[in-house]
Each structure stands twice: as structure tokens, then as C-alpha cells.
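**Q** Residue-level listing of the chains:
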Amino acid sequence: MQSLSINKRAAILSVVLLIVLLGAWEISITRQVLGEALTEYEILMGLGQQRSAIPPPSDVMVKAWEQLSNPFYDAGPNDKGIGIQLAYSISRVLSGFGLAVLVAIPLGFLIGMSPVAYKALNPFIQVLRPISPLAWMPLALFIIQDANSSAIFVIFICSIWPMLLNTAFGVAGVRSDWVNVARTHELGSLRTALTVILPAAAPTILTGMRISIGIAWLVIVAAEMLVGGTGIGYYVWNEWNNLDLTSVIFSILMIGVVGMLLDAFFATLQRAVTYAE
Amino acid sequence: MSNNFLSIERLTQTFPDGSGGKMTVFENASFGIDKGEFVCILGHSGCGKSTIMNVLAGLSDPSSGVVKMDGVAVSGPSLDRGVVFQNYSLLPWLSALKNVTFGVKARYRDWSRDKVLEHATKYLAMVGLEGDVIHRKPSQLSGGMRQRVSIARAFANQPKLLLLDEPFGALDALTRGTIQEELLKVWSKTEQTVFMITHDIDEAILLADRILLMTNGPFARVAESVEITIPRPRTRTEIVTHPN
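First to last, the sequence lines map onto chains L and H.
The numbering of the first sequence is my numbering, which starts it at 6 and goes up by one.
The numbering of the second sequence is my numbering, which starts it at 529 and goes up by one.
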């Protein structure tokens, strides 16, 4: 064991943990199903039935294989492949997030560079920021009158705050030496912003974007449960209504995997713009 | 004094002292610098040397008095006045070469990419940086190398006046010696007018044509102007044994 690197040892430990957890899950459910006959009282309480309804991991894996081998099938509004559902959710998250980037970064620059703008806008930000994004849903539905756009709006409103505050913080914290370098080189404000302040603040801005995309992915599931129709959130709720818990567990796992990939993407971007002083 | 290339006339800088009153850093400082001259200003820390530097660079405005260059009062920072800051002020996300081309591109906006690169590489070579080193980020360079890059960036812009704010303050004695010699070499090749802040008397004597002495602040003044007549090229050992 000593000769293995830390990464390899960690990987082995992860696999062992996975096997132990899945094994425990599998065994506990098979026992329940095959186990000794329930007492009459337990059957009356509906205990046996409920527990045996939770699928073992082997069922989930079969389901996952089945779904992932044909992820993009479309057999009507209530039966679409997991790939299509995820694509709907990802496209909503990216549109809402993209709009938020377009607003938050320029506004964050303004707030970061001008103390007056910061003081003037701060009360609004402090009041709007703690609002649960889903609380906007009724208002969005009423004003926009379109379920899909409302979901995008909810993503927009929830992902704007971390980006806005991080951009402002990053821009305000740019070392005055670097700004002086720009000034002594007679750079105009736009060029200063693009060639000095943006790269200097980029790591902080990317941190905000990474937090935002994480929140957006959390919120889209809930938003889609409300607006319905398409998307992974709707899929989870639909399978719950179908009492297909195997699909529910499978889609929960998929939500986790996609969330991880989104985060990994922004982590890579963040590494690319990080500099050592 | 008014016919100097650079003339500083009755410069006064005051700051609020935090309790409603005013604190005068320096008062009625007047001096002139000729073209091609290497002038050092010498004084204790806190006497307002850096404040004078900031005014000359145009980064801050004096409370009263004017700075004239070529007979024109300066206001705001300008590419005609290059600055080497004490803490190098290199942009850490750019390589050494890119830090220099950053300045060159700002100075000569119509130059082609190749010309900018060639110019930057030439000035980096002048301060002894060649080869792979110039593609490293500042964090991968030693303090001495960073200051060389910073000096190359300033010289490459060929400003009318070069301002050096204690450029060797953060370097160890050995590195300081080598870079001082390199600075002299570059200076003698370029006929640059240089105004340098220092608190190191030896350094001032080695480098300067003239030394301005500042009294202690507050109410600091430029007390004396001393010509250094030791013939160039000077070396460290020579200035110790020279009769003056």
C-alpha cells in the first residue's frame, strides 16, 4: 500500500465504499422482500409493502442501462428519453445563466469601480438577493405568460446575485498598482477594463459563475416540477406520479452527474484564468 | 530654473491629518532637471519622496505648484513619463515578454505585432533577460528578474522622463549591484532623462549626475543639490576610493 500514490489509494477506497454501500442497500432490500413472513399487524400497517417498493440498486442499474443505451427516444409528451429531458433542463439553465452573465458582469464592473453606484444599488441587492427564486415563479408566469420563459427567468434571477457580488468584489479589489500601470500607459477606461481589470478580477468572477451555475442547477429541478412539460425536474415528478421509483432514483443520480459536470467545466475555466502573484 | 527640461516649481502637498487639520508633506519644493540628466532624490522615509514621484508621474495632483515638462504644465499620467514602481507592478497573468509588449503596444499603437515583439525582446536582452526566461510569468521569476522586466518595460517605451521609485529597495545587495550596473548601461545607451528616488547614499553616488537632498518631513524641503563629478563609467570600488 505504501508504494501507491495518494490518488490511487483514494480511488481504491472510493470503489470499496461504493461496493459496500451498494451491497448493503441490495442486501437490506432483498432481505425485506424474501424475509420471514410479516406479522398480521405489520401487513395491516402497510409496512411490508412500502419497504419492498424501494428498488434495489441492481434494478436501478438495469434501468440506467436501458435508459442510457437509448437516451434520445421520444414516444410522446410523457415518455421521452433521459437525454432529451436533460437537454431541455441544460438549455434552460444555460439560457438563464447566459442572460445573467450579460447583466451581472457589466453591472458588477460598475458597482466595483464606483463607490457611489455600490452604495446606491446595495439596498436593492440586499433585499432581492435572499428571495427564493421560486417565489418569483407566479409573478413571472403572470407577466411573461409562458412556462418555459418563466423557468428561464427564475434561473436568471437566481444566478445573477453570486456573479454580481463576486464581480463587484473582484473589480473593487484589483491592486491599485496595476491600475496605476494602466494609467501611466495612457489606457482608456475600456482598455483598462479589458486588459487590466478583467484579467485581474477573472478568478473572483469565475468563482461567482461557478456558484451561480451550481445554484441554477439546483433551482431548475424545482422550477420544472412546477412548470411541467419537459426537463429533468418534470421527469422526476412524473415518475413519482407513475410510482416508478427505479426511474426516480436513476434520474436523481443523473441530476448529480450533470451538476458535477457543469461544476467541473467551470472549475477548468477557473484554473485557466487563475494566476500566481 | 524655468529653462530646464523638467522644472518643478513651488510644489506643495498637504493631506488631511485625520482630525480636521492639514498635514503638509512638503512645501515649496522647486528644482529642475536637464535633458539626459540622471538625478537622484535622497531623503529619509516619510519625507514625501514617493509623493513627489506620484505628482511627477501624474498619478496624484499637488495641492499647489506646477510641474512643467518642456515648458508645458503636466496634468494626469502620460506615456512621456515612464514609471518603475518599487514593487515592480508587473501584471502577474502575463509573461515577462507580454508585460513589456503591453507597454510597447500602448506606446506605439500602429506598430505591427512583429515589430512590437522585436522591440520588446531587444529591451529585455538589454537588461540581461534572454531565452526561455522571458516567457515565464512574474511569479516564476526572482525579485531581481522581475525588477529587470519592469525596467525593460519602462525603457522600451522610450519616455521623455523615466521615474524610478526606489527600484532596488526590495532587492538583496548582490542583485542590486548587478542591476544598478545594467541600469547604467541601458541609460548610457539611450540618453534617457532619469529621476530616481532612493534612500541609499552609495547608490545615489554611483548612479547620479546630481543628488537632491530632502529634509525630514513634515514641511520637507529640497535642501541641497549636489553635483557628482566622478567621471563615468564608475564602478563600486572607484567611488569608495575617489577623493570626493
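Hints in this document: simulated from the structure, not taken from any laboratory.
Quick caveat: nothing in here was measured; it's all calculated off a predicted structure.
Even for Gly, the Cβ is constructed at its ideal location relative to N, Cα and C.
Be careful, since some hints might not be right.
[To be verified] Selected chain H positions facing chain L (Cβ under 10 Å, derived; list incomplete):
1. Ser606
2. Trp621
3. Leu622
4. Ser667
5. Gly671
6. Lys688
7. Arg760
[What the hints assert, rightly or not] Covered by chain L, according to a simulated footprint, are these stretches of chain H (three or more residues, beta-carbon under 8 Å):
8. 623-637
9. 703-710
**Q** Now tell me, hint by hint, if it's right for this structure.
**A** Checked hints:
no. : hint    : in the structure
1   : Ser606  : holds, 6 Å
2   : Trp621  : holds, 4 Å
3   : Leu622  : holds, 8 Å
4   : Ser667  : holds, 4 Å
5   : Gly671  : violated, 13 Å
6   : Lys688  : violated, 13 Å
7   : Arg760  : violated, 29 Å
8   : 623-637 : holds (count 4)
9   : 703-710 : violated (count 0)
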